[in-house]
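Enquirer: Residue strings, one per chain:
2 protein chains.
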Amino acid sequence: VTAEIVSVGTELLFGQIADTNAQHLGRLLPQLGISHMHRQTVGDNLGRVIEAIKLALSRSDIVFTIGGLGPTEDDLTREAIAAALEEDLVVDDRIVEKLRKLFALRNLPWVDSQAKQGSRPQCGKAVENPNGTAPGLICEKDGKVVIALPGPRGEFVPMVDGPVRDYLMKLGGGDVIHSHLLRICGLGESVVEERIRPVLESNNPTVAPYAHLGEVHLRITAHASTIDLAEAMIAPIEQRIREALGDAIFGSDEVTLEQAVVELLQKRDETVAVAESMTGGGLGERFTNVPGSGDVFIGGAITYDVELKKKLLGVDPDLLEDENRGPVSDECARQMALGVRTLVGSTYGVSVTGNAGPSSDKGDKPVGLTYIGVAGPNGVEVEEFHFRGQRDSIRRRAQQAALTALRRVALSRERQGS
Amino acid sequence: VTAEIVSVGTELLFGQIADTNAQHLGRLLPQLGISHMHRQTVGDNLGRVIEAIKLALSRSDIVFTIGGLGPTEDDLTREAIAAALEEDLVVDDRIVEKLRKLFALRNLPWVDSQAKQGSRPQCGKAVENPNGTAPGLICEKDGKVVIALPGPRGEFVPMVDGPVRDYLMKLGGGDVIHSHLLRICGLGESVVEERIRPVLESNNPTVAPYAHLGEVHLRITAHASTIDLAEAMIAPIEQRIREALGDAIFGSDEVTLEQAVVELLQKRDETVAVAESMTGGGLGERFTNVPGSGDVFIGGAITYDVELKKKLLGVDPDLLEDENRGPVSDECARQMALGVRTLVGSTYGVSVTGNAGPSSDKGDKPVGLTYIGVAGPNGVEVEEFHFRGQRDSIRRRAQQAALTALRRVALSRERQGS
Chain A
1 VTAEIVSVGT
11 ELLFGQIADT
21 NAQHLGRLLP
31 QLGISHMHRQ
41 TVGDNLGRVI
51 EAIKLALSRS
61 DIVFTIGGLG
71 PTEDDLTREA
81 IAAALEEDLV
91 VDDRIVEKLR
101 KLFALRNLPW
111 VDSQAKQGSR
121 PQCGKAVENP
131 NGTAPGLICE
141 KDGKVVIALP
151 GPRGEFVPMV
161 DGPVRDYLMK
171 LGGGDVIHSH
181 LLRICGLGES
191 VVEERIRPVL
201 ESNNPTVAPY
211 AHLGEVHLRI
221 TAHASTIDLA
231 EAMIAPIEQR
241 IREALGDAIF
251 GSDEVTLEQA
261 VVELLQKRDE
271 TVAVAESMTG
281 GGLGERFTNV
291 PGSGDVFIGG
301 AITYDVELKK
311 KLLGVDPDLL
321 EDENRGPVSD
331 ECARQMALGV
341 RTLVGSTYGV
351 SVTGNAGPSS
361 DKGDKPVGLT
371 YIGVAGPNGV
381 EVEEFHFRGQ
391 RDSIRRRAQQ
401 AALTALRRVA
411 LSRERQGS
Chain B
419 VTAEIVSVGT
429 ELLFGQIADT
439 NAQHLGRLLP
449 QLGISHMHRQ
459 TVGDNLGRVI
469 EAIKLALSRS
479 DIVFTIGGLG
489 PTEDDLTREA
499 IAAALEEDLV
509 VDDRIVEKLR
519 KLFALRNLPW
529 VDSQAKQGSR
539 PQCGKAVENP
549 NGTAPGLICE
559 KDGKVVIALP
569 GPRGEFVPMV
579 DGPVRDYLMK
589 LGGGDVIHSH
599 LLRICGLGES
609 VVEERIRPVL
619 ESNNPTVAPY
629 AHLGEVHLRI
639 TAHASTIDLA
649 EAMIAPIEQR
659 IREALGDAIF
669 GSDEVTLEQA
679 VVELLQKRDE
689 TVAVAESMTG
699 GGLGERFTNV
709 PGSGDVFIGG
719 AITYDVELKK
729 KLLGVDPDLL
739 EDENRGPVSD
749 ECARQMALGV
759 RTLVGSTYGV
769 SVTGNAGPSS
779 DKGDKPVGLT
789 YIGVAGPNGV
799 EVEEFHFRGQ
809 RDSIRRRAQQ
819 AALTALRRVA
829 LSRERQGS
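Residue numbers (our numbering), protein chains in the order written: chain A, 1 to 418; chain B, 419 to 836.
There may be inaccurate statements among the hints.
Stated by the list, open to error - Once the Cα atoms are required to be at most 27 angstroms apart in a straight line, the calculated DSSO-like pairs of lysine-lysine come out as: (1) B:729 - A:310; (2) A:365 - B:516; (3) B:543 - A:365; (4) B:543 - B:472.
Bear in mind the hints are in silico, worked out from the structure with no lab data behind them.
Kindly generate the complete structure, drawing on both the sequences and the hints.
Expert: The structure is reproduced here in structure tokens:
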């Protein structure tokens, strides 16, 4: 069974809103064994909506329309569906009666244009919309189905997750598409691909890599008749990937890098503090994104200004004034990491110093040059990075690199049994 | 001139990510007088991508593809464009040479599959991608243009807003749709609407309010034959809104709240430091989002742990242990703000303490309860908030409220002439 989404609304084309409704429905379909290969987005224009629905009907069994069901002149989806299916548009007195009662109940004045929401193609059935006025529609004809869904998110989501889902469960029956996501840090996309090359050729499950700001994500996707079978097909592939990549895999599915690091330190009963210059507090915020991180993350110092690096972290003033070294240097990162570990009394101290741009800094250090230090019971390690991109992405990559470095140090202590 | 977007990626169809790139481009096109009536989304399948590009070429002058330009086997957009345009796909040695240099510069191993990113349809020209590896492409043939853009957001946005925008400026022509955005803090959406009610009825320009995490945005949109004419239509409406809302408008268009605050303090030659508990460094990060904020933002303390509140900020231990007050209290916010101002020696000290959830904290303070303190030359002010929503949004609202409070204190000093 194949489906296609037609999102209707000039505000979507013009980017005034993101199409999170199509995203929501797109997530649901594979879980129901419905495949889904195209999506169209069109403005509020009758001819173009009809044309889009006809194209969708020509290649898919189920066509979803999203939006255009309201009472205004711009709302033309009902007319378009009727035209595309070559059906009459009829007024359904039962729907109109319900609408009138709803308006009375809410003490809203009845305007005749509201009655428009009670019309439907001859073959259509209304789907209740307890969160709004316009009902949805399910129109079955000649082995095809058109399902009209309302655009407002608070109406769309409950209708899709409720009655529409129940309806689709009966149609599905095809294969389900089920996937696992593995998340990797500390390795680039091409190195990951190199190491897992044989599994990349697998057809079912497929393995697809995506690079994402200092992480690589591998999505393993299986087509099977049930979710259990899909899991059984995914397991051996996942096992091979885990053997090839080892510790570089920090988590699966929705686990974030900060969650993985917080859980690792929780397990080891260790704590961490941060000394942030370039990231300005963003690394601390990442730790505190994780609910319950308070037993691991103590806090730290944001030393954006040079003076504060001396005052709070005890960084050597001569170093900071040294033209060749200065605040963006290996040595400064080392002293910051050690300094915050001592100040706070945590197991680890993590420092970030660098130039996020947009231009070279006072010391002429190039944009993207970043030093990350991790001080721990076994001493201190500093890494140098050359990040590319905009200020935001350099700062985000620096956070990622700091979390990755801390994780590596903690894991290596784990392997040493300390 | 008409354009159409073809977004490529199975992860878009399956809703793993929202198509914010198409949204960004969709916003730009009307500003350039380019109309835009369809968008298609297809998975990583060569046949379907070719079919989508051909359909788009049959009804639009400019076709944008987004995504599928990377080095992996899933990346097929170059091949698809060549096939749709009936052009040979050739390897461009100059692009490959640049890629090799880039890899060498970054000390990354060269993998042969990277060379794929150096191929292009015979008629294509590369568009530089300073934020990634794969260049974009502009392919002109028989009066039509296909423009291939990379999927990663940090590469997509600068390419669209830079060289692609410049290229499109020469192509545009029809009526422009032009808008100004006014950004408001410290007032709720319904209060804003009440104050500007008359202008909300205007038809051209239209005025549309949107609430957005502690800010209200007003978009004033005019249709006109040129941008200058649109500007002239917008100006008197904007003037009336500015008179009605005064200081509550902190900026327009892309100006962020942190930018507005940093600029205000720069103008006044004042500095700020932060003492963050609940926000974990996120407020500091907001300041350092602003390039050049180093002369205003000094740094501060992240005191997630109670002990650190005493040690770094000198908060009274008795207060912290007091059952009725504790770390989430008016008095703690006051002492944190004063403490960090003294520690750092800045004009202002801003503190945030609260419970972001997901559950009540040890002191039984409810989720969302937040205190924000601003210490300055005229003393210290503390505000209490009850934020609703998820952990992320509570923390984000707390940052917004802290920036708003600091702005209010600085503006009131400005009005007093101090």
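Enquirer: Going back to the hint list, which numbers does this structure go against?
Expert: Hint check: 3 fails alone, others pass.
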